[in-house]
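Chemist: Read top to bottom, the protein sequences are chains A and B.
Here the first sequence is numbered in full-length UniProt numbering, starting from 1 and rising by one per residue.
Here the second sequence is numbered in full-length UniProt numbering, starting from 1 and rising by one per residue.
Where hints are given, some of them may not hold.
[What the hints assert, rightly or not] Derived DSSO-like pairs (lysine-lysine); straight-line CA-CA distance at most 30 angstroms:
no., chain 1, residue 1, chain 2, residue 2
1, B, LYS10, B, LYS22
2, A, LYS164, A, LYS72
3, A, LYS128, B, LYS10
4, B, LYS71, B, LYS10
5, A, LYS128, B, LYS74
6, A, LYS72, B, LYS10
7, A, LYS120, A, LYS72
8, A, LYS128, B, LYS71
9, B, LYS10, B, LYS74
10, A, LYS192, B, LYS10
11, A, LYS128, A, LYS72
12, A, LYS72, B, LYS22
13, B, LYS74, B, LYS22
14, B, LYS22, B, LYS71
15, A, LYS128, A, LYS164
16, B, LYS74, A, LYS120
17, A, LYS72, B, LYS74
18, A, LYS164, A, LYS120
19, B, LYS71, A, LYS192
If you are wondering where the hints come from, they were derived from the structure by calculation, not from laboratory data.
These are the residues of each chain, in order.
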Amino acid sequence: MFDLTGKCALITGASGGLGGAIARALYDAGATVGLSGTREAPLRELAAELGERAHVLPCDLSDAEAVTALPKQAAEAMGAVDILVNNAGITRDNLFMRMSDDEWQSVLDVNLSATFRLCKGVMRGMMKARWGRIVNISSVVGSIGNPGQANYAAAKAGMVGMSKSLAHEVATRGITVNAVAPGFIETAMTAKLTDDQRAGLLQQVPAGRMGAPEEIAAAVLYLASPEAAYTTGATLHVNGGMAML
Amino acid sequence: MSDIPDRVRKIVVEHLGVEEDKVTESASFIDDLGADSLDTVELVMAFEEEFGIEIPDDAAETIQTFGDAVKFIKEAS
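Using the sequences and the hints, build the whole thing.
Modeler: So this is what it looks like as structure tokens:
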């Protein structure tokens, strides 16, 4: 089940914990993977660890021109982009009353606008191929909000609305567009939490623990697979039960 | 140059699955040939590739009929 042999997947934020796990899962299922991220060294490490079907495609997602060029570079390196996983994300947390325009805009740029541009950039190839899988990594915060994260929550909720609209438009072409909304996962992003914050958060999680990156990767693998052809416009919530949506 | 209408017609016939004689000068892709809005985007993509030209989005919106397409491509190529 879930054989991606012959498929080429572009994964953003592959230098992070979540992106790395996603890349590994798709690679292990047989896909050729394009690893994108801002920091080249961890991408190279991951590519070396994976093997010859892994390509390194550094890109600064806050640079609109670089983002627009990325799908083309990925298609040249791999031959096509059949699967796009928009996983890269940044946080610039602040209380709403103190949040600067810059904090707002930079989070919207990287998390939402880059997702828009990348989806647009891969669409032509997917339309011609009559096959495509887009998986946008949203967040539980996009559904339930989080104090200090108005910018992040807005971007993550925006990804879901965008995914649904695009899913409507391209469904007849064999292209699915879905979102995965992780809850609290053990990554560098959540490693910044204090012990008190962590304990408080876990009280809200019926599973009583944080999720592992591999548990998000498994959801992405399903949505990227041929078996998920009839699943589109969906948001798969992987959050240990903290929000049963 | 003179074969542009034939090449455009071939793309339209193949993509929309319509009879060749339906693809007249004034035939509207959407109103007469059964295209939906995404089909028109795909037609423009196919024209770009066939003729090696770039059709910007604002120009693409003005290409509503077979005649519009032929005229635009003649001017662009």
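Chemist: Now tell me, hint by hint, if it's right for this structure.
Modeler: Results for each hint:
Annotation: proposed proximity of LYS10 (chain B) to LYS22 (chain B) holds, straight-line Cα distance about 12 angstroms (limit 30 angstroms). Taken as a hint, the LYS164 (chain A) and LYS72 (chain A) pair is honoured in the structure, with Cα atoms around 24 angstroms apart against an allowance of 30 angstroms. This hinted pair checks out: LYS128 (chain A) and LYS10 (chain B) have alpha carbons roughly 17 angstroms apart, not beyond 30 angstroms. Straight-line distance between C-alpha atoms of LYS71 (chain B) and LYS10 (chain B) comes to about 16 angstroms, which keeps the hinted pair within the 30 angstroms bound.
Restraint check: the Cα-Cα separation between LYS128 (chain A) and LYS74 (chain B) comes to about 25 angstroms, which is no more than 30 angstroms; the hinted pair holds. Proximity of LYS72 (chain A) to LYS10 (chain B) is assessed by CA-CA distance (about 28 angstroms); at most 30 angstroms being required, the pair is judged to hold. A threshold of 30 angstroms between alpha carbons decides the hint, and for LYS120 (chain A) with LYS72 (chain A) the separation of about 11 angstroms falls inside it, so the pair holds. Between LYS128 (chain A) and LYS71 (chain B), the direct Cα distance comes to roughly 25 angstroms. Compliance with the 30 angstroms bound is thereby established for this hinted pair.
At most 30 angstroms may separate the alpha-carbon atoms for a hinted pair to count; LYS10 (chain B) and LYS74 (chain B) meet this at roughly 16 angstroms. Distance restraint check for LYS192 (chain A) and LYS10 (chain B): the Cα-Cα separation of roughly 60 angstroms exceeds the 30 angstroms cut-off, and the hinted pair is therefore not satisfied. Proposed proximity of LYS128 (chain A) and LYS72 (chain A) is supported: the alpha carbons are some 15 angstroms apart, at most 30 angstroms. At roughly 37 angstroms between alpha-carbon atoms, LYS72 (chain A) and LYS22 (chain B) are farther apart than 30 angstroms, so this suggested pair is violated.
With a C-alpha separation of about 21 angstroms, the suggested pair LYS74 (chain B) and LYS22 (chain B) falls inside the 30 angstroms cut-off, and the hint holds. A C-alpha spacing of about 18 angstroms is found between LYS22 (chain B) and LYS71 (chain B), which places the hinted pair at or below 30 angstroms, so the restraint holds. The hinted pair formed by LYS128 (chain A) and LYS164 (chain A) meets the criterion: a straight-line CA distance of about 21 angstroms does not exceed 30 angstroms. With a C-alpha separation of about 28 angstroms, the suggested pairing of LYS74 (chain B) with LYS120 (chain A) holds against the 30 angstroms cut-off.
At roughly 28 angstroms between alpha-carbon atoms, LYS72 (chain A) and LYS74 (chain B) fall within 30 angstroms of each other, so this suggested pair holds. Restraint check: the Cα-Cα separation between LYS164 (chain A) and LYS120 (chain A) comes to about 14 angstroms, which is no more than 30 angstroms; the hinted pair holds. A C-alpha spacing of about 60 angstroms is found between LYS71 (chain B) and LYS192 (chain A), which places the hinted pair above 30 angstroms, so the restraint is violated.
Comparing the model with each numbered hint stated earlier shows that hints 10, 12, 19 do not hold.
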